[in-house]
Amino acid sequence: MTLATDTASGHYGPYGGRFVPEALMAALDELDAAFRDAIGDPTFTATLSDLERDYTGRPSPLTRARRFEVECGGARVYLKREDLNHTGSHKINNVLGQALLTTRMGKRRVIAETGAGQHGVATATAAALLGLECTVYMGEEDTRRQALNVARMRLLGAEVVPVLNGSRTLKDAINEAMRDWVTHVADTHYLLGTVTGPAPFPEMVRHFHSVIGRETREQILAIEGRLPDAVVACVGGGSNAMGIFSAFLDDPSVRLVGYEAGGEGVETGRHAARFVAGTPGVLHGARTYVMQDAWGQTVPSHSISAGLDYPGVGPEHAWLHDSGRATYEPVTDAEAMEAFELVSRTEGILPAIETAHALAGACRLGRELGRDAVIVVNLSGRGDKDVVTAARWFGLGVDPTE
Amino acid sequence: MNGRQQAVFARAAQERRAALIGYFPAGFPSAADSVRVMAAMVRGGVDLLEVGLPYSDPLMDGPVIQAAVESALRVGATTDDVLVVVDRVSELGAVPLVMSYWNPIERYGLERFATRLGEAGGVGVITPDLTPEEAGEWIAVTDECGIGRTFLVAPSSTDVRIERVSRATTGFLYAASTMGVTGVRDQVSDAAPALVERVRTVTDLPVGVGLGVSTEQQAASVAAYADGVIVGSAFVRAVQEASDIAAAEYAVEALSAELARGVRT
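Residue numbers (my numbering), protein chains in the order written: chain G, 1 to 402; chain A, 1001 to 1265.
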């Protein structure tokens, strides 16, 4: 990457870095060294790619969305099917990489934060596979919204700890996971689920998801014989987006667009549009765009999708935004749900509501670019976990929780 | 080092004892009442007062302090309010520092914060989530304003890091006694003496030890090897358990006096 990034010190322009208690600095140095050592070790990379093939089910297909694209201006739209991975989302890519790293560092326990539960389920899965102890922190509010995923994690042998402080959502689950980590760092790895947090997490998590971009590039070149005009993804913390963007950063002809949660509308204040309403600040160990008030207190975010409901964003996205290499646009709850319904009915794919934001964005972009354009959407996760939310939204009268 | 902060440690050294450093969050239970509590801490014998700046994501704090700062934020405590509290307690004779997570300071503006803190009588700032690596501008600004900087060392810090942190520190050095968050503990970690010993080999800065100290006996045992004994959660808990502000002042002054005896044994 030719932009002014300095991954050695964990900075992306003015963003990134490490804003953590001193007690964690040694662990971050250890992790950084272990990560670099591992990715240079053919045994490690072979073990990981075997797991990706035989356990996750990679490579994931690139599916042309022939009926969906007709509704979106006629551009050719391809879906990178991360929803077909084991556990149903892209999250497993990062989790397997970090879980292998955990055993390599001789640690016996992983902890994780989760919002919707996808990362928690993926972590519990990898922990079961590799025989690691697993504790997942989840905001109490989210444990109620995503009771099914709580059950999944417990069935997989993980301990799920509902977090009762602060706003009782993802950001507070991260605080609690950091507190656990600082207390048990000798035998515990914090398996952070996205491209946020102190260095080396943003770089490492992107690395383990870069397989999405590499496959996509190869697949689209094989099908279309050329690079796409645009690659788009939803952006909560931004791991699925960094994974697919990473293979196209040096191709200026490829537009990179991230869609963040516009919630009930940016003008209502109830949203997670960090690049519209956020400002540079420090949250959870890194400098990045943060939704904050005039005093630097974090402002709670809002989105219909728990996975995008986060007041910060990965620091590399902050830099891609400022440098202009990628652009970021909000998609409202209503637009996302419209796309959710459209892709369900035209393609027979129930996407995660997070992903539906990217699909809505792709549709908007397709209409703008017109018939000859090629757009790739990272279909980051499946929507089974969102059936209740969607049924409620569309008033289908089949609320399974009632 | 800031002269008033230096004087506190010099006097304690002269009296062959450790300094008592007490933390309390500004704005809890209200701005005015937090001043009353802090005044009681000083009357009881706190030498150096850490005024906490409430922050929405206090990831180094345990449940006791979390609950207090959440409550302070609910009643609307702002950075300006914190500076007013510093000003008041300074007028009452305290030597105040601010303890703050980094984002509120960055948002307020480094120079503006350091300048106003100096005007309010503040002598230094403790930044628990800022390491020297990210502190370039902060170091320049605080040097300019004569505000002391306190960074942290932990049992996990390597010798190289202890040296780096010591070089960047111009107040006292804050040694976290244990790997963990703030809170009252039955026993102060046995990792602390070894950490302080390692610190002594690289710096002459005064060393304060915190995390887990709440009783006279614990204060005495830490005072045996450290220059400062830091107590936070115990004061906050005393206020949380008090039935009203008068009872809180009484309890806090008594606790402070007890700890002050501890640092003198």
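Be aware that a few hints might be false.
[Said to hold, decoys possible] Okay, the calculated bits of chain A under chain G, using three or more residues with CB under 8 Å as the criterion:
hint: 1; segment: 1066-1080
hint: 2; segment: 1173-1184
hint: 3; segment: 1233-1246
These aren't lab readings, by the way, just hints derived from the structure by calculation.
Cβ coordinates follow ideal geometry from the N, Cα and C atoms, glycine included.
To see whether the hints hold, each was checked on the structure:
Only when three residues or more bring their CB closer than 8 Å to a CB of chain G does the claim for the segment 1066-1080 of chain A stand; here the count is 6, and the claim holds. Judged by the Cβ-Cβ criterion of 8 Å, the segment 1173-1184 of chain A is covered by chain G as claimed, because 4 of its residues qualify and three suffice. Interface restraint, the segment 1233-1246 of chain A with chain G: violated (0 residues with C-beta to C-beta distance below 8 Å; minimum three).
Checked against the numbered hints above, the structure breaks only hint 3 and satisfies the rest.
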